[in-house]
Amino acid sequence: MNTAMDTALFAAWIEETARTVAAERERLTGLDAAIGDADHGANLDRGFTAVTTALADRAPGTPGSLLVLVGNTLIRKVGGASGPLYGTAFREAGKTLGDTPEVSVAQLHAALEAGLAGVRKLGSAAEGDKTMVDALAPAVRALEAAVQDGKAPAEAIGAAAAAARTGAEATIPMQARKGRASYLGPRSVGHEDPGAASTALVLSALHTVAAR
Amino acid sequence: MNTAMDTALFAAWIEETARTVAAERERLTGLDAAIGDADHGANLDRGFTAVTTALADRAPGTPGSLLVLVGNTLIRKVGGASGPLYGTAFREAGKTLGDTPEVSVAQLHAALEAGLAGVRKLGSAAEGDKTMVDALAPAVRALEAAVQDGKAPAEAIGAAAAAARTGAEATIPMQARKGRASYLGPRSVGHEDPGAASTALVLSALHTVAAR
Amino acid sequence: MKKLINDVESVVPDALRGVAAAHPGLRVDVDNQIVFRASGPRPGKVGLVSGGGSGHEPLHAGFVGYGMLDAACAGEIFTSPVPDQMIEATAAVDDGAGVLHIVKNYTGDVLNFQMAAELSGEEGVRVESVLVDDDVAVRDSLYTAGRRGTGATLFVEKIAGAMAETGAPLAEVARVAREVNARSRSFGVALSPCTTPAAGMPTFDLADTEIELGIGIHGEPGRTRSAMRPARELVHLAMDAIHEDLPISGDTLVMVNGMGGTPLIELYIAYAAVVEHLAEKGARAARNLVGNYVTSLDMQGFSITVCRLNEELTRLWDAPVETPALRWGR
Amino acid sequence: MKKLINDVESVVPDALRGVAAAHPGLRVDVDNQIVFRASGPRPGKVGLVSGGGSGHEPLHAGFVGYGMLDAACAGEIFTSPVPDQMIEATAAVDDGAGVLHIVKNYTGDVLNFQMAAELSGEEGVRVESVLVDDDVAVRDSLYTAGRRGTGATLFVEKIAGAMAETGAPLAEVARVAREVNARSRSFGVALSPCTTPAAGMPTFDLADTEIELGIGIHGEPGRTRSAMRPARELVHLAMDAIHEDLPISGDTLVMVNGMGGTPLIELYIAYAAVVEHLAEKGARAARNLVGNYVTSLDMQGFSITVCRLNEELTRLWDAPVETPALRWGR
Ligand SMILES: Nc1ncnc2c1ncn2[C@@H]1O[C@H](COP(=O)(O)OP(=O)(O)O)[C@@H](O)[C@H]1O
Ligand SMILES: Nc1ncnc2c1ncn2[C@@H]1O[C@H](COP(=O)(O)OP(=O)(O)O)[C@@H](O)[C@H]1O
Ligand SMILES: [Mg+2]
Ligand SMILES: [Mg+2]
Ligand SMILES: [Mg+2]
Ligand SMILES: [Mg+2]
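Residue numbers (my numbering), protein chains in the order written: chain A, 1 to 212; chain B, 1 to 212; chain C, 1 to 330; chain D, 1 to 330.
No lab work stands behind these hints, which were simulated from the structure alone. Just so it is clear, the structure is predicted and the values come from calculations on it, not from any experiment. Glycine included, each C-beta is placed from N, C-alpha and C at the ideal position. Treat the hints loosely; a few may be bogus.
[Claimed, not checked] On the chain D side, residues computed to face chain C include the following (Cβ under 8 Å):
id, residue
1, Lys2
2, Ser54
3, Leu191
4, Gly200
5, Met201
6, Arg225
7, Thr295
8, Phe302
Sequences are here, hints too, so could you generate the full structure?
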């Protein structure tokens, strides 16, 4: 892959995300059944199916406008906690990219950082609260480090995806302080957070297409 | 046992019946669960428990008045189909005995025959309809035959009890035409009728005390 | 068995205590298991008495009040009450105009009400009895116990109750009650069995792919066991069974009734299918009820009851009613 | 999984079609999953909009009508609706007097209603939001999502609805809604899990001797797993949990709510125990509801909600209401 990412690559990322979310739907719902209400897989699958349709209807011209459309569609179709949160993440990321036709790793980092900030602001969850933040935050840090080390996009994104997966697994021993899982108190310990798990999927989807 | 049956023996019969009904409660309810509504054991147990209390309160002076009291108590406490039917059987039998202090086998036969007639009249069930009639009718016939042969009470009653049991088992292949079991149509075939089974218990209780 | 009860032996009285505490409009004789209107009998009004085994809540106690029953006798779970209860209820609600017994057609209910009616008559009360036998799953015949009384019982109690409030004579109240029964048919489907406290285990076993067609309201198996199907198909099957016995046409009163363990969202899905089906037949649901009204403990499933309305029945259905389970117009 | 549905994907629209057919007093936008009063907004009256995930029927659609809600937005099963629905409902019911959003306190509901309120505000509608958070099983704290909204939602919708019918201004309707929430507490117990159509299997496993204490209304496990006990003990345990958080005294409004799969006879047994318990505390149930009102699909179990009444709340509770699931006075 060339060192800059164009609209086609972002479109491929969302397509790949929709594919993995559909494939992992049962697992995500299972995780949510343990500490939530057994709908996270269904929610994201519904959302990304709608996103795929929306992108087919009118393919946006820039990475930024594409991510904003993804975010708006998720907000309009998903519901639950993950709808507004994922929607905000994609919207903020897209807005940060402006109308640049090609995105550098540094710009990607800035975009994801803005997405994380949006999630933090909306859900007021901190790291350690056992939410998607525990996967997204380390991913953004890993990406930043990779940028500093001047790593190539595929490699940098690989590091971010790996950090997200590690972050998701790290939620297992945590006691939830946000979202439905918090209602379980100590009983939320010992289960992976569904939103953190799906966030890891979204980033590994990006790595998959970036590594092509 | 001497050749005539006194009030004490009838009291012992009812006591023994209450004991066996309580012991067989689950089995009777199980039979009713298969082709009815799973309450026959509970119904009769409730009824004969009430009967025991009633007899304790005021022990009647004659076999006839005792059976009438048993019948009235069953009608007042059991409910369901079996309450009025068993109640009528005991009432009619008691009324037939009048105020005789000692009951011969011939008189017993007349009494049970009257009881059977009462059940037939109230429930309008014929033999072969898969009801208590299929146990009581052969028992009455067997008793009549024993009387003709001049058999001793214990032996005669034994024959009646055996006939009741055979009659109850004979209901297994029958398709019910009366009572709840009739709602099952062909599916009522292959199960013993709960009321026929309990009738066999009542008569074997009589044999138990008569044979003492 | 896991049930929200105190003791298998005290289920009915414990529940009646709750009914008494919850509904100031009712007077409950817990010892004799009879539920009355708190207001007592009204001079010149025919009294309505019904009752039956418990486990069908809100039937019958939930239908005691203005515009419906004057008293309901509660038996043990699935066991008809005894004559003593009916005699006492009948005497208490009679104010000279006579009393109507509304009896579901089960051998137990019929025999006990019959004995009660005789004795009440001897005590000088004019009693008329109406048999409800609406369940088409049971083939009727001279030689059998006949069809069961199920969902139509609610229709009979509501419409006869409204007629009684108008001050109509006993014969007239009995006449309209019989007409409602004659114009109503029901069919029930079970997705799961129920568990009676006394038995402590399910009344039958059903695989996750099986259902029972043509069930009653006592946890008994149905006429046939069949494969699970989408709600729409189950509804059409029930409607066809009803139509076969009493052709459905014109304005109808339809109840989609839950058996006790089926959530309301599923009953609405079934009702949507009922309306589709009626449209195909050129009929319509002029009035409807969707909910748990004539239940079988915790059984999952539903029954459909259809009544062919006429102007009189519609007017009486719409008349004000004020009971724990059915209330409108006041 | 055996459910009375047509297709896992169409559960909510299929049910809404049934709601539309069953209740002429409602207008249902099936595509957007919004239920309105057929009569539309009334000039000068504050509009009440609520909504949430489906699977809690009759909440919320069953409470749309005179004296309660003007519109209810239905999400997928256990998933809060989306802002678009709330924005459309808000615009449709506003007639200048402004709109009150009644929001159960779940992250999803809160975030979606929050976005909707902002956008509706930008479109010129005055919107106030009231959070319902009555479930004492969840310890409240600054650092958590806070307590859940459960049974008290019905109380808030009924009483705020009655206030709105008087023509009271938005601030006043919001004030009384918040007061009801502040005076209400709930606690729930599950005897069995529920099965969501999407998951197709029970949300948790429970032995025949076990129960879940402190459950919400989304099939989630409770705070603790415990041994099954008689109804009386379970009720006392729930009442004590409520009392610990908000001392129970004086006149109260009490709801014994079924979770969807528990038969009414068992709920009455629980209510009898509630009344015993209140008497011990020198309090009483001045008003009550016993039935399935805020459910969790087919879950077996119950919740108790207690609201400490005052003269104003009692009067507004008694005011006429005409909705599919709650009706009196008209
Ligand atoms: N306040 C919050 N901040 C960040 N993420 C959150 C917050 N609350 C919930 N989440 C995320 O949302 C996920 C649940 O999403 P989902 O199941 O789709 O919605 P719901 O909880 O409404 O059913 C959780 O696993 C968690 O990662
Ligand atoms: N018409 C009838 N004539 C004679 N016996 C009958 C009749 N109907 C029912 N029975 C008897 O009653 C028994 C059922 O009694 P029980 O279960 O106590 O009452 P219910 O059927 O009301 O639950 C049946 O097994 C049958 O033997
Ligand atoms: Mg969830
Ligand atoms: Mg029986
Ligand atoms: Mg019975
Ligand atoms: Mg959800």
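Practice item. Hint by hint, work out which the structure violates, then give me just those numbers in ascending order. Key: 4, 5, 6
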